[in-house]
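Line by line, the protein sequences give chains B and C.
Read in order, the letters of the first sequence correspond to residues 1 to 862 in this note's numbering.
Read in order, the letters of the second sequence correspond to residues 1001 to 1244 in this note's numbering.
Everything labelled a hint here was simulated from the structure, so no lab data went into it.
Among the clues, some could well be false.
To be verified - Computed footprint of chain C on chain B; a stretch qualifies when at least three of its residues, placed anywhere within it, have a C-beta under 8 Å from a C-beta of chain C:
hint, stretch
1, 482-492
2, 765-773
What the hints assert, rightly or not - Computed footprint of chain B on chain C, listed as stretches where at least three residues anywhere in the stretch have a Cβ under 8 Å from a Cβ of chain B:
hint, stretch
3, 1069-1081
4, 1104-1112
Claimed, not checked - Here are a few chain C residues that sit away from chain B, every Cβ distance over 10 Å (derived from the structure):
hint, residue
5, Gly1007
6, Thr1014
7, Ala1053
8, Leu1055
9, Asp1056
10, Asp1084
11, Lys1135
12, Ala1205
Everything numeric in this text was worked out from a predicted model, so none of it was measured.
For every residue, glycine included, the Cβ atom is placed at its ideal position computed from N, Cα and C.
So the chains spell out like this:
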Amino acid sequence: MSVLKTSLRSFFAHKWRMVLSGMAVVLSVAFVCGTLVFTATMNTTFNALFSVTASNVMIAPAGQDGDAEMEGGGAVTGRPETIPGALVEDVSAIDGVDQVTGVVASTSAVVVDDRNESISPSTGAPTIVSNWSEIDTRSMEVVEGSPPEGDGQVMVDLDTADNNDLALGDDLRLVTAFGDFSVTVSGIAEFEVTNPGAAIFYTDMPRAQEYLLGGTDELTNIYVDSDGRITDEALKGDIAAALGADTYKLQTADEYIEENQDAIGEVLSILEYILLGFAGLALLVGIFLIVNTFSMLVAQRTREIGLMRAIGSSRRQVNRSVLIEALLLGTIASLVGFGVGIGLAVGLMAVMSALGLNLSTEDLTIDWWVPLVGVVLGVLVTVIAAYIPARRAGKISPMAALRDPGMPGDIRAGRIRAGIGATLTVIGLASLLGTATTDDSVGASGLLALGILASLLGLVLVGPALVGLVVRALSVVLLRMFGPVGRLAERNALRNPRRTGATASALMIGLALVAGLSVVGSSMVASATDEIDNALGADYIIQTGNFTPVLPEVSRAIDEAVEGLGEVAPVHQMEGEIEAADGSTEEIWLGASPSSYADAVEMNVAEGDFTDVYEGDAVSVAADWAETAGVGVGDEVTLTFDGGDAAALTVAAVVNTGATMSSAWNVSLETMESHVPEERRALPFVVFATAADGQQEATRAALETAMEPYPQMDVRDQAEYKDLIQSQVGILLNMVYGLLALAIIVAILGVVNTLALSVIERTREIGLTRAIGLSRLQLRAMICMESIVIALFGALVGLGLGMVWGLSGQQILAMEGMEVLEIPWGTIIFVFFGAAVVGLFAALIPAFRAGRMNVLNAIATE
Amino acid sequence: MAARTEGIVKAYGTGETRVLALDDVSVDIERGRFTAIMGPSGSGKSTLMHCLAGLDTVTSGRIWVGETEITGLKDKKLTRLRRDSIGFIFQAFNLLPTLNALENITLPMDIAGRKPDKEWLDRVVSTVGLGERLKHRPSQLSGGQQQRVAVARALAARPAIIFGDEPTGNLDSRAGAEVLGFLRRSVDELGQTIVMVTHDPVAAAYADRIVFLADGRIVDEMREPTADRVLDRMRGFDAQGRTS
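Using the sequences plus the hints, can you model the full thing?
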């Protein structure tokens, strides 16, 4: 029989086992392919959108990034940056220009429906208010009513109308930096290309200028269409010559599309990294599964292989026959994985659609190289993972055919492996310890990464050596009480440490990540809570629910509500650049606030007096920057306000970075106002309110009443604010846990696989124990206990390792001001016992099958 | 009687392909005696033993172990019967590799949750002659030693009856003689009931009584056998087989 033939026979003889091992490959290839297909499809979709809407040349304010509609003109100031309306005529006069369209758009308006609910996408996508123009007719079609014309008319996009039950004639309120406007739905328009997910409201041009810009004759964007006789590049050159090269931001259609693609790409790449990260994780876990499966297959076939060698097969042939099996497994699993990946991409698109971003499967983009990448990846991993067992198979001597089955373990190799593992573990732990002692956060991150990698690899290698100790310890506590059945289970878990170790490793990786992330997450929450307890003097925190600034009208309402009851401290957050005397500069987010802020939030001051910030032209700076730039209290620094001019300021205080609420960089409101023109000033991002003694209840009531017309606003007391932070971190962690669950599922498959194989291997033993009186129930209990102890071994090592990772990770957070360490024992213990449940679950099928085994057949084999 | 069958039939397949492994077998196993079941390959001797021991079910007929009728018992009760009243010695792979010799010996009692009778256990162990090697794993024992551990295990729980399925089949003649001698002694000195399946006339000669099986039927019986008599009888069967 040829090598290929034996491989094929063996492969199909073990097809169920192969399916289990193949699952890991399928999942990881699916993740990789799914991610690639999904992002390609998103790109195609957005390409179509931008290509449709782009004009030959686009004009925007010099500082504007990306598309005003996508990026949010006026995210900080509440009013978008503008260009003069007169430009339209100037540009129209240029030779080769066919049509010039002015656009006014803003993302900082709030739309409220007649039930006093804020209409904004739940996904955090922006609410856009814009004038209805020629440009919009390229991508949208009016499906009901008519385009807005005149006072109080708005047209809404169909998806938003559907999601919020809006119909023609419905009354809405439009709240902007310039007032509170009553409007009526006059029309509904539907996207003909993909709706990017925003809620969009259109008015006519005069109204847009009135509502969004305060009635000035200005624009946020100009779309220039050529008459086709001139290239976009040339037209852009001509416009630059006419308007001045650097006065405005000029883009050709291609540049515009590319910039927007990049902006989308940035958002997508985060998703892409996360998905690919989990693909990697699944792959890593899968490697253990494959190594284990092939090791067991080889061990099981020792006699058979010995026989093949005895009758003249060469080592290479035996070796190759195992690798061919792996190749077969890898290829089939990868192809299936590719198919599943497309399904995954379609699923992701459905999720996106449910979130408001309508993606059509017609745009499904599968590059020719995607299946190739998937298959190459899957096959490579499978074959590499099968290499070690294959080599071991090749080493089997022909004598094995004559000996009893069951290979003695290669003790020397085991020792070398444990040695390498122990060394790596020590290196890893040393790096992790180094993280705690390094001051430099970049270096610390590097050490953390190295530490995580080395300790993980080390423990995986040293795992089998740990099995003896840990499994015995676990058994003393958990299994011994079950008497002889527990003892049998313990001995079975111990009999092949390498197999137990590899099986548990898969679970270990997933659980280490869970433990590490939960330590970091709960430390973040604890730090924030701690900071709120210690530093927050204010009673109430007032913010919008969607990261937009607090509009002037709302600020006034807050002021009026709290008037006489307490004090208000709005914090205006904006960008700027700070420069020290030695020339070192840093881009910063700074807060501008009235002196009442010093009472609302107590700064963690390293040097100086924070209230001095409010005396003249002064600034507080972050401690870490102060150190690197060699700046101290009393030194002069230059602060360039975004949208304003440069100011020479004296350092009044050096502040340690806080965890959540406060920026270390602060100036007084007056300082900001004297250096930034009114239309470029940031609106408050958050408003703190402190009630006078005994006025807490009254203040809260007054605030609630005042905020009633503004459903976008949230008023929270300290406890509610803590809950908010907790839930934000919680949501993030839950998403990560959700994906990690996938890695754990793969790990469970590994446990199932190992047990199923063990049961088959031990057919004779099982028959014997049944013959001498072990009941079905006892037998099943024994297999479940073995599984549980393997799972708990993985959980113990994994959770321990993860907690060490978390401790080191928290050290890096501490540098960012999150100094409290909290180990979530509840979660850790829950996961530990969860692992026992997982172990039990994994054992069910193998245990059931073992119980069903016919005693006679079991005794009669061979 | 230690065990008894009444007209048991074991059939495989139906219709044309129906094969009778046991065809109306009625046999009594006497208490405190050493009974051997002999017969050529395919005679049904192993099947008979498996049915007697509650490992296999019969198509019709009835079986008693002690006073208990085991035909029709559910798996749970059969398992308990095997655990409490029956000992086994198989041809090979009698021991769990993860347990040492002593642990293997006490396993049936451990499973049942019974404390082994210390005195009896010591006597069994010393009779089997394993004192030094009780802490050894099966892989560290010779084939003969492994079978002696298996015998000790079967005896330790003081079962009503011990079944041996070619217990010396894998041993050389010296080790085989050792094990058989030991089985003989356990009957003579400890009053143990033993049923052994074998095709080896020398092994069968250790028994008090031999039941001969051919084609699923009991064809003959012999008391106080010697190896030569058994051999003669077997030859007789062969000749019959050829002439008929």
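To see whether the hints hold, each was checked on the structure:
no., hint, result
1, 482-492, "holds (count 7)"
2, 765-773, "holds (count 7)"
3, 1069-1081, "holds (count 4)"
4, 1104-1112, "holds (count 5)"
5, Gly1007, "22 Å, holds"
6, Thr1014, "19 Å, holds"
7, Ala1053, "8 Å, violated"
8, Leu1055, "5 Å, violated"
9, Asp1056, "6 Å, violated"
10, Asp1084, "7 Å, violated"
11, Lys1135, "14 Å, holds"
12, Ala1205, "26 Å, holds"
Comparing the model with each numbered hint stated earlier shows that hints 7, 8, 9 and 10 do not hold.
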